[in-house]
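Q: Using the sequences plus the hints, can you model the full thing?
Each chain, letter by letter, is given below.
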Amino acid sequence: MPVNISDKRETASHELPATPLDPSVRAARDEKIQIAMIALCGCWGCTLSFLDMDENLLRLLDKVNITRSSLTDIKRIPHRCAIGFVEGGVASEENIEILEHYRKNCDILISAGACAVWGGVPAMRNVVPLEACFREAYLDGPTAEPGVQPVIPYHPDIPRITTRVYPCHEVVKMDYFIPGCPPDGAAIFQVLDDLVNGREVALPGTINHYD
Amino acid sequence: MSIDISIDGQVYKARDGATLVDVAAENGVYIPSLCYVRGKPGLGTCRTCSVRVNGKVMTACTVPVADGMDVEVSEPGMAEMRKMLVELLFSEGNHNCPSCEKSGRCELQSLGYELGMMVSRFPYRFPVRTREHAAKQIWLERDRCIFCQRCVKFVRNLETGQKIFSIDHRGSRASIEIDVSLADKMPPEQVREAAHLCPVGCIVEKGVGYNKPIGQRRFEIKSIRERALERKCR
Amino acid sequence: MCADIETILDRYHWDRTRLLDMLWAVQRQQGFVSDGSVAALSKGLNMSRHDIRETLTFYHFFLDKPSGRYPIYLADTVIARMQGYEAIREALEQACGCRFGSVDETGTFGLYETNCIGLSDQEPAMMVDNVVFTELTPEKVRGIISALKQGQCLEEIVNPGGNDRRTTAYVDALVKSNIRGRGDVFFRAGRDYPALLEKVLDLLPDEVIGEVTLSGIRGRGGAGFPTGTKWRLGRDAEGEEKYVICNADEGEPGAFKDRVLLTRSPADVLLGMIIAAWAIGSRNGILYLRAEYGYIKAYLEQQIQAFRDAGLLGKQILGREFDFDIRIQMGAGAYVCGEETALIESCEGKRGTPRIKPPYPIQHGYLGMPTCINNVETLAAVSRILEEGGEWFRSMGTGESTGTRLLSVSGDCEHPGIYEIEWGISLHDVLEMVGAKEPMAVQVSGPSGECASVAQDGQRTFCYSDLSCNGSLMIFGKGRDLLDITGHFMRFFVTESCGICVPCRAGGVDLHQKIGLIIAGRASSEDLDDIRSWGALMRETSRCGLGATAAEPLLTTLEKFPELYQEKVVQPEGVLLPSFDREAALQGHEQAYRMLVQEEKQ
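Protein chains in written order, with the working numbering: chain F, 1 to 211; chain H, 1 to 234; chain E, 1 to 602.
Honestly, the hints are just simulated from the structure, not real lab data. All values derive from a computational prediction rather than experimental measurement. Here a beta-carbon is modelled for each residue, glycine too, at the ideal position from N, C-alpha and C. A hint or two may mislead.
Unchecked claim - Covered by chain E, according to a simulated footprint, are these stretches of chain F (three or more residues, beta-carbon under 8 Å): (1) 100-113; (2) 124-133; (3) 151-160; (4) 163-176.
A: Structure (structure tokens):
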């Protein structure tokens, strides 16, 4: 039975009342280019690389406002965004839904990092049947607890795993790609800086890398 | 005999019959190439050195230059096709750069950077290929093979001249094979040469892994373009 | 076993260029080529074992594991699929007791698919060992299998009259020739070959070349290179030896005219080879016969022997200082070997990988020597040109496409078979002549050619500058599923790609997948753009004609029948790409879960 969120007794963190922002700060933020970030099936390394922009991050923040992101801890896209920064590939039902949500709410989507671009490390399971993955993870793996009846997750409340890991652009249209595992902060800055300044995106070969 | 050829509208002097890709490099014009090894016969397998010669697409590693030849290298449509060929290679195999010993030293990867590849436009295929590790000194990572034929043609048993590497089956079912008994007779230098000759991380020398720090790897010191053009002054 | 291999090695003089013959010999003796045989061959030929396997595994009909006492190859072609292929397939599986791609429990039957076996006028058809069965029905299939089970031998079933394998009667017992439309060039009865050859040998080679050049004949294999020019280059090329090769690797789906020429007029073809040899100065000829035509090999050998006996082949032909002989090289199942440099590689016992050109075979061909390769039909026509004169030949056809040519007609028509047409005839007239039934589309030159629309292209004419037909003509009537046919053709190229170059090896697979998306209703208009762009890549950058034409089925149907594609293209409702099948992507979890739970319970 579908659960109506408003029926719930619990309150999610993003729903907690927050101190209202100074109206001038709020106005300044609202004028900026809105960016939403998300990690699908990946390791958050690309998001860390985002922070690796160092002082360039400050230059960027002059022009952009980060809405939903693990950095801001905002868990919903609050309003339409110009740019969606997507890390990780698509490996589960939840990943599909979130990516759809981002595509619907962002003008431009960027695949950031090897996992988003082609599947990356999680996609190494693509050459192994899913049941073999489950067997290794839940039945025969070294972390299986001896003497305990093993449980393979399969429940309506748990997102299903996709048969294989998909690059984001095989699920929805993606507009830009930043390869790398993770990409350098400089590469991320280059692409975002080009975009927010209305330049054609051009990632030079010197900072483009796939590993 | 010296002849004149035109590349992208510029006229260059060349030796009659020299290979186009060499002639271009000697004159400072970079034509991307992958399966080609300078000084060895062109293999014409990867097609990434495709250029227009007198209006017809040909591979620069297999074309001998002739007087009056008109070559187009940088025409956008042609450049796009070369990029597509590299993208095809990336999606055809399992090129997991983050986990590859050859990363930073891989010619395919370096060519991807050179041509500005961010993603392959072709569907990533994730083929299931088994590894072959029976040889004492060589680990064959089939996931990464691009069927360039370098090892098949140029790595032979030193005594008998027999092939050590070969291709089984054909088309999309093709598979790189290693003759283990012959491979085990390879002296260590030949193993090293074979691993170096492999443009990707398919032929890997056992016991040698990530032995160069990031930032100091072959193509990080000098790109594939710079390496191709450094013979210019010879 | 080693002793057997030694005998085989001996028979072919321990010569590695005869590896195809050796592998055939081993396979005929042992049913397949075992690792042990590979090892023995490798030792005898000073090749690594995998080097032998390179050749062994390249060819479709070489078997490297036990594949049944009777390996059965059912031709999976679009024509067969129009004529009951599925029912035959089912009947075979039931009768043999195994699925396609496997061997039955007793090891008697192995069931395999194969591409066109050159019998499109009498499909469904299948190859078993060295013989073929045509116009199959489920009853016929059941009868054949049950007879084999009862211990009857293949020969008895296929040739109940007990005809000698070396005779036309034997070939006729297996297949029909179906010559429907005759002209002035081919299939002439009562020709006096010795007299004709006398006449030719009285001419200087240059005069022969002059006559061929005058005739304006161009290669009938499809590319249309002027034969006279090729021979002139061959004459001028320097080499210790020169070779004449007859390309009888008729692999284009829908083509079978070479089979009929070799059956009904083998002497025309042999004479054409001798004339070519005289013209360029060659002493050795090879007739490269596709494995699918193995049942006419004995007959052709007999014909060659008859020529020798009549002094038309061998030493001092007709008493002159002119030696020339012909051997038959059997192929082993590879469409790409129709490409002349791949064919040469195959003759040298190697994988059928097209060579890098230049150099061209006419300068640097078989064993590095100047080699003149001509199509079966070209050679047969040349024998007539030298009989009637170049002027006579060029009086037929059009200015740039002289003479006549043979069409192998199949599909939706009253009378499938062989037709001799004069170049310049319109598509419409050909369709009328063959009794086409409500034709909608015509595949001209097989998958590597173009899909013509009867509505738009009816007035186009057969000639090298327009409908440059290689002899294959498949007719698809209204109601046929052209997208399905296109998908089948794309699969054909995937299975036949040699894999040497990237665009053909990898691009073909991706385009095959695209047509699958279209058929499944999962393509968007972007996918059509991709098809055009990827197809252009294959066309331009592939190493040989196979890759260069492999996208044509898609590109030409997209051009001529865009509405078929537009009907299938979807406008996605949400943001998910139509090519992404959400349900399919999520099915695996439940399946894997159920499988493991089931296992745990047991």
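Q: Hints first: check each against the structure and report whether it holds.
A: Hints, verified against the model:
1. 100-113: With 3 residues closer than 8 Å to chain E, the region 100-113 of chain F meets the three-residue bar; holds.
2. 124-133: holds (count 4)
3. 151-160: holds (count 3)
4. 163-176: holds (count 7)
Comparing the model with each earlier hint shows no violations; every hint is respected.
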